[in-house]
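With the hints as your guide, set chain B onto chain A.
Protein chains in written order, with the working numbering: chain A, 265 to 803; chain B, 1485 to 1822.
Simulated from the structure, these hints should not be mistaken for laboratory data.
Keep in mind that a hint or two might mislead.
To be verified - Listed below are several chain A residues computed to face chain B (Cβ distance under 8 Å; list not exhaustive): (1) A365; (2) P369; (3) G406; (4) F408; (5) G426; (6) E428; (7) P620; (8) S637; (9) L641; (10) R644; (11) L652; (12) D662; (13) F663.
These figures come from a predicted structure and were not determined experimentally.
Backbone N, C-alpha and C define an ideal beta-carbon position, used for all residues, glycine too.
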Amino acid sequence: MSQIGGTGRRGDAPLRNSSALDEANEPGAREAAAPALAAVGVSKRFGVVQALDDVTLSVRPREILALVGENGAGKSTLVRIFEGVYRPDQGALMAGGAPQAFRSPSDAHALGIRVIHQEPDIVPDLSIAENLFLGDFRSIHGVFLDRADLERRTREMLAKFGLEKDLGPWTRAGDLGPSQRQLMEIMRALRGGLRVLALDEPTSSLTEEEAQRLFRVVRRLRDDDGVGVVYISHRMREVRDLADRVAVLRDGRLVAERPTAEFPEAEIIQAMVGRPIADLYERGARRRGEAALSVRGLTTKRVSDVNFDVHSGEVVGLAGLVGAGRSELAEAIFGHDRMLAGSVAVRGRPIRLKSPADAIAAGIGFAPEDRKSQALLLMRSVKDNITLAVPDLISRFDFVDPGAERRIAAEFADRLRIRTPSLDAAVSNLSGGNQQKVVLARWLARHPKVLILDEPTKGIDVGAKAEIYRLIAELAGEGIALLVISSEMPELLGMADRILVMAGGRLVAELDHEAANEERILSLAMADNLTRTETAGAP
Amino acid sequence: MTHLKAEPIAVAAADRRGGGATLRRAIQRVGTHNFSLLIALSVLIAIFGSLRPDVFFLLRNILNIGQAIAILGILATAQTIVIVSAGLDISVGAIVGMSTVSIALAVGWTGSPVLSILFGVAVGAAAGIVNGLIITVGRINAVIATLGTMAVFRGVAFIISNGQSISIFDPAFRFIGDGRIFGVPVTISVLVVVVAIFFVLMSYTVTGRNIYAIGGNPVVARLAGLNVRAYQIGIYTLSGAAAGLAGMLLAARTGSGQPISGSEGLELEAITAAVLGGCALTGGKGTIIGGLLGVLIIGVLDNGLILTSVPTFYQMVAKGLLLIVAVIIAEQQARQYG
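Isolated chain A (complex conformation):
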């Protein structure tokens, strides 16, 4: 710990936007005092989305900087800019005391900047040693692979990470668990002189014990190797345990940056949310009807014992962090994922769920999260995509009735105001918002009793979002029961009558519209990570 002393944690008051430019340019500054990596006034736009807006943030050597924020706040974009995957529209990166314009990740790697992604790339059929030193094999007489040297270097590396007892150099990399792969990726990064290491939600698929081992490694990298670490996480406890400093992003802006010791958890969460909810949402007084969708004791591999009802004319929001099991729950209700236990009923009638066809027959419609790979036939026309789920309405004795087909497609394209050159245009030509409307049109053509929408506004511009919100309100008004999964908190708060919160595959809370607010939802969604880690550590 003494090594950190005068460098990373300085005594002076924490300031927002601690001027990275000055620090970097300060001529007399000791090497250690200069930031290892800094973003100065960085902005990045994707279409209509301002992913990053004038962010100035520095990573110092010998410190762990936690980067937190809601989904879509810009954390991953910033890290990808650090790594040279994206180039900033405005602003600059400073590394090694000079401005840098990375053209590709290899430029960043050359300066010792590495990002460990959630699913590291490995060559599964090669050994750990070969994976670690791929591209850096030494040979005997320039011909034969020097296995002894490779083994020695690998053993050194394993020992450094405390893995020498668990793993041998010749273990097949494909047999490693996710945590070991992650550590291997870090070893590989360390090989080329590591200065900045970014970890993007590294513990999302780790057990408590594996996470602790990762933390030890990360601390040692900071203390022994002087690496500056950027640590992205949703889990408050990890952030508090590990980080020296916490930076909060919201809507692409850096809204707060303080040493962890001076940044209470409640204030971090408040900084993450705290934004006015725009008048995008319509939520008239609705009449709640009978229970349209009843889920009892639903259990799958990823979801355990979920119980809830959605009534006709009601919009129920499903909140939770990525990986909480929301999509898995939706897929199980729709018969796409196998249920291990529990039951699903539509308007009180239990349905035998063997495949999505059974759910559809019972009156359920489902718009999955990934439109392009799960909902749309990209090569086919708008018309074909809309009528895909209503074969009975567009045919006689299996022969397609072109008139009926076009009539139905036109009716719903019209009603949802789908903007397309024609009904025969390939759906891949449409914008994200219009593609989503095509998916909704498909289900509306079936006049469903229940609609499940998984992230219905993902990747859609603001205008189209408003249209989707209005449509959801309209459908509820017509008596359809809607279950809407969203990671955008304001969206859920704006349109849902009730909000269910999931965490770790369980339903942890149910909040009325009046009782729900972002902080409460977020702390419920994250609280489970706390209890889970505690119970995992207990036995």
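Chain B in isolation, oriented as in the chain A frame:
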């Protein structure tokens, strides 16, 4: 009426493309790929027609081409359906062999040509069901599965025939092989009927639509309520039955049931024709007309190479090159569409 309803949407379009020429519209109607196939076919006809104007355009030669491609035509159009569903059936050649032997044996047992033909088609369909079950229930890649069953079916054909050729003396088969109905050889009539059925199935029925959907993206198809497995089993059954029918034609042409001779390598020619016809091996794309045009190109090329006395070995080289060129063109088109 219906066009009127669709109109406001078209008007709402921000990016209306510039006025299309009549030619472009015609090409779109035929399909870009089919249009290039027609051009390729015309070029081949022009070349061989000018080299052997005395023989090439004779009705006799044209019917010859038709008879030569009848068996391949059935297999290639059936294979087109399989490939559109993102599958592949490598066992069809072996099924044809098994079918000829089964028919020859059945003629001996029953003496009834009708029952024998039905038996041959049923044997093919049963083989197809086996393929379908292995692929869906066993969750095995279609290429691997049918590569395995190819050897199995070939072996079965040898076992039931004792490795011998079994002659068929029934005059009905001679009529099917060489006879004509209203001047049209029976084999060509069978081909036309089968292709017409496949064409209607793939272009005008919900089943056909759904096969395109399954091939395009099986997850999307499943989430839209389609029973993907049932479709796949059906498709391989259809492919097997078509191979059984092609076996009937082969048995009639050769007057015998043969475990291997005449049917060996047919699967590769069928796949070649289907790919030439515009099928994407990744599924979701391809037309029956395209498959038929692919077969026609192969047939004209074969015929022309024989008429111009190109040695057999060079013919093989020419056919191989043709396939490679076709795949390159198809790849480039696919890349254009992204």
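We went through each hint and held it up to the structure:
no.	hint	verdict
1	A365	violated, 29 Å
2	P369	violated, 24 Å
3	G406	violated, 39 Å
4	F408	violated, 37 Å
5	G426	violated, 40 Å
6	E428	violated, 40 Å
7	P620	holds, 5 Å
8	S637	holds, 7 Å
9	L641	holds, 4 Å
10	R644	holds, 6 Å
11	L652	holds, 5 Å
12	D662	holds, 5 Å
13	F663	holds, 6 Å
In this structure, the earlier hints numbered 1, 2, 3, 4, 5, 6 are contradicted, and the remaining ones agree with it.
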